[in-house]
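A.B. asks: Listed here are the chains, written in short residue letters.
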Amino acid sequence: MTQSDMTDDGRTEPTSETDSVSADPEHDDEELIETGVTAGTEGGSGPVGGRTIIESRGLDVYYGEERALQDVSLEIPEKSVTAIIGPSGCGKSTFLRCINRMNDLIQNARVEGELRFEGKNVYDDDVDPVALRRRIGMVFQEPNPFPKSIYDNVAYGLRLQDQTDDLDEKVEQALKDAALWDEVKDRLDESGLELSGGQQQRLCIARAIAVDPGVILMDEPASALDPVATSQIEDLIQEIAEEYTVVIVTHNMQQAARISDRTAVFLTGGELVEYDDTDKIFQNPESQRVEDYITGKFG
Amino acid sequence: MARESYQEKLDQLQADVLYMSEVVLDRLRKGLDALDTKDEDLAWAVIDGDEEVNEMYLDLEKQCIDLLALQQPVASDLRFIAASFKIITDLERIGDLATNLGDYTLQAERDVFPEVDAQSIGRFTIEMVEEAMDAYANEDPEACRLVASRDDELDGKCERASQLVVRDLIETELDEGAEVETLLADVSRLLLTIRDLERVGDHAVNISARTLYMVENSDELIY
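In order, the protein sequence lines correspond to chains A and B. 163 is the number that this note's numbering gives to position 163 of the first sequence; each next residue is one higher, with no gaps. 98 is the number that this note's numbering gives to position 98 of the second sequence; each next residue is one higher, with no gaps.
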């Protein structure tokens, strides 16, 4: 699955579909704000600031008979960085893929419970997953620019949505927001594949934010990059979180500690064990299992 | 258990901090003995021993920095290292104060105000340091609070001792000349001794405060 698959699918979808998701009168902001958070079984608390933009309630995911997520409930505040950490197979990528229904593309995957985006359950029958993914962009472990020019990579989603007014300005702004503009402004017609790995990843981030999504999901976005490119991506994540909500899955606990506002710790069996402010998780977690995991005593 | 070498380094740090506290307490006991017996050799041993304490401090500081830089400790490990980093500073200062006792011994020519029991105050502060280090070794939050609560008692002892000195001084009738100078030096030294011992108690409280942070993530005793 690549991002191009998603956007290609979206070619014929009317943009008004997207608006209907957030405009659903049954799910206004008040309801979201008043919803109490459940943070796994061993404590944690609700978001300290920011309106809740994503909320999962009793989310279970099965791959065939195997249960990949167990009764996950948490609230993600907007315009912040939320990190999801945990050992391999703990369900953290599964959870991420639930948010924009990427699990739809996996055979045998079955989702129970609710995953709300701006108050609307994204698994409701009337939600179009393609329109949803336009509001919730995704950046993957391996940079995956299209085999097109740098300019066309960024303009791609805008053209699909017929947002071609001031296209040059929009492309420039997205590249600036992705901290890539200065490095590519003189060669916008070169192929995106000519760029270094770190630049390619920033190009993918530019492509994701060009269409102004509410949320950007990142699945190990820096794990294939060298330390310098990694630190650039980390800086960038914190910058774009001023405008967008970032949810990042990472194996790198120090990365989660460095860049995130909130951290969710999943442990084996798809259980959300603790979800709290990042400094709390890394200085004094409530759960002994989380303590043992982050200090490296197991896992 | 994963990260065995890291765990060994944490254990080593704790063992070395406890060893440093033993050395410092030994200096403190000998400083008090020297003051009591006017044993100049012992006083010199305490003074010369400060170099060893300083070296231990630097070595432990490096252990802490290395752990922070190389192991990215978090949660209770982080608090243990952060607390130890602060505690070794307090131990080093207690070592300096023990050295002061050695200096006072060399300077003293006679006893003034024998009714002021600096030895008793000294023993009290040593107990406080011992209890604080036991709390650190045993990760005992109640022991931390107990040490902190004893500080008021120590402060009271020190204040009474100082007042005794000042009151006696006011009431003493002096001849002119050299006797005044000598008395002034002796009184200053005694007041400094009392102040230094009171500070040892403050450092014991600091050690307890950082230990409580380490054990319970609480800043209850930190100022």
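Just so you know, not all the hints are guaranteed correct.
Claimed, not checked - Here are the computed lysine to any residue pairs in the SDA-like style, where the Cα-Cα straight-line distance is at most 20 Å: (1) B/K38 - B/G49; (2) A/K297 - B/K38; (3) A/K280 - A/G50; (4) A/K148 - A/L158; (5) A/K280 - B/Q14; (6) A/K297 - B/G49; (7) A/K297 - B/D11; (8) A/K280 - B/D66; (9) A/K280 - B/D11; (10) A/K297 - B/Q14; (11) A/K297 - B/L13.
Keep in mind the hints are simulated off the structure, nothing from the lab.
A.B. asks: Each hint should be assessed against the structure and marked as holding or not.
C.D. replies: Against the structure, the hints come out as follows:
no. : hint            : in the structure
1   : B/K38 - B/G49   : holds, 18 Å
2   : A/K297 - B/K38  : violated, 53 Å
3   : A/K280 - A/G50  : holds, 18 Å
4   : A/K148 - A/L158 : holds, 15 Å
5   : A/K280 - B/Q14  : violated, 24 Å
6   : A/K297 - B/G49  : violated, 39 Å
7   : A/K297 - B/D11  : holds, 14 Å
8   : A/K280 - B/D66  : violated, 23 Å
9   : A/K280 - B/D11  : violated, 24 Å
10  : A/K297 - B/Q14  : holds, 18 Å
11  : A/K297 - B/L13  : holds, 18 Å
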